[in-house]
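Using the hints, position chain V against chain C.
Protein chains in written order, with our numbering: chain C, 1 to 223; chain V, 224 to 300.
Everything hinted at is true.
Here are the computed lysine-lysine pairs in the DSS-like style, where the Cα-Cα straight-line distance is at most 30 Å: (1) V:K300 with C:K8; (2) V:K291 with C:K8; (3) C:K184 with C:K30; (4) C:K30 with V:K266; (5) C:K30 with V:K254; (6) C:K137 with C:K63; (7) C:K8 with C:K63; (8) C:K137 with V:K300; (9) V:K266 with C:K184; (10) C:K4 with V:K291; (11) C:K4 with C:K63; (12) C:K8 with V:K298; (13) V:K298 with C:K4; (14) C:K184 with V:K254; (15) V:K300 with C:K4; (16) C:K63 with V:K300; (17) V:K254 with V:K266; (18) C:K8 with C:K184.
By construction, these hints were calculated from the structure, which means they are not laboratory data. Note that the structure is predicted; figures quoted are calculated from it, not measured.
Chain by chain, the residues run as shown.
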Amino acid sequence: MLRKNWWKILSFLFLLYTFTAGFLGNVPAKPILNETIRNLYFHVAMWFGMMIFFIVSLVYSLKYLRHNNSVHDIYAVEFARTGIVFGSLGLLTGSVWARWAWGAFWSNDPKQIGAAVALLIYLAYFVLRNSLTDRDKSARISAVYNVFAFAMLFPTIWIIPRMVESLHPGGMGNPALDSNDIDKRMRVIFWFGAIPGWTLLGLWITNLRTRIQLLSLNQETNV
Amino acid sequence: MYNSFLRLFFSVTGILSICLVQAQDSLQTEKPQMADAMRSNGKIYVVVAVLLIILAGLFLYLFLTDRKLTRIEHKNK
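Chain C with its partners taken away, still in its complex shape (with noise of 0.2 Å):
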């Protein structure tokens, strides 16, 4: 099924739509923020998908537990290579906003520090495999860290951020994505242009690593 095109059309499709739309709709008028709430369908979206990136990559890593498939750890590797990429989008495109509606490109907030946090974790994943030379047992303690990873995603970014003051939306218990911070047109833009179009491009740009480290695998057998 993924070697099928239908998905990569749509991907662009939904962007095209996210780019549209994101700029040429009308959003709530807010202080402080003004335009910048349109950021909600690039920032926020990058989240999204590193949130996805990273479930898929922790599924495929129990995957490769119970059948030793090394199949299952390049999906894995892959997944979480391109979580990181999304994520550290995420921080840069945050940290650039942050300048303009918080007044400093870093300010500690909670948010912040758990995901940096929760990058440097799953940084340290590509570390610990890069460390081992025999490819089964690099495999499978990676395996097993990208659990404890996966596990750590839970208080730095669910569960902290919602515990204390934050500068961002859905500090002290609220949800993000409140009703009082954006309406209905943005949300139809997030969900249904931003969230599925960013998501699908990274699966794409997986898709073609994981293809490429198969084919060494291949060649490294063939040998």
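Relative to chain C, chain V alone:
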């Protein structure tokens, strides 16, 4: 007239410092200032057009990479 032209120019070229100006303006006036003028006279379409070209270019590039990879995969079978 000149002032509003200048503001439009800066908004369209995307100079970040305009955000500061807007933030100060919104402190002075009660209603948050939005870039409605930019949209009504059409200049935002320029930005959207630029973004759409970049989007199309990136997707084309991904498609070509994908096709190349598919060819290599077929050769390796």
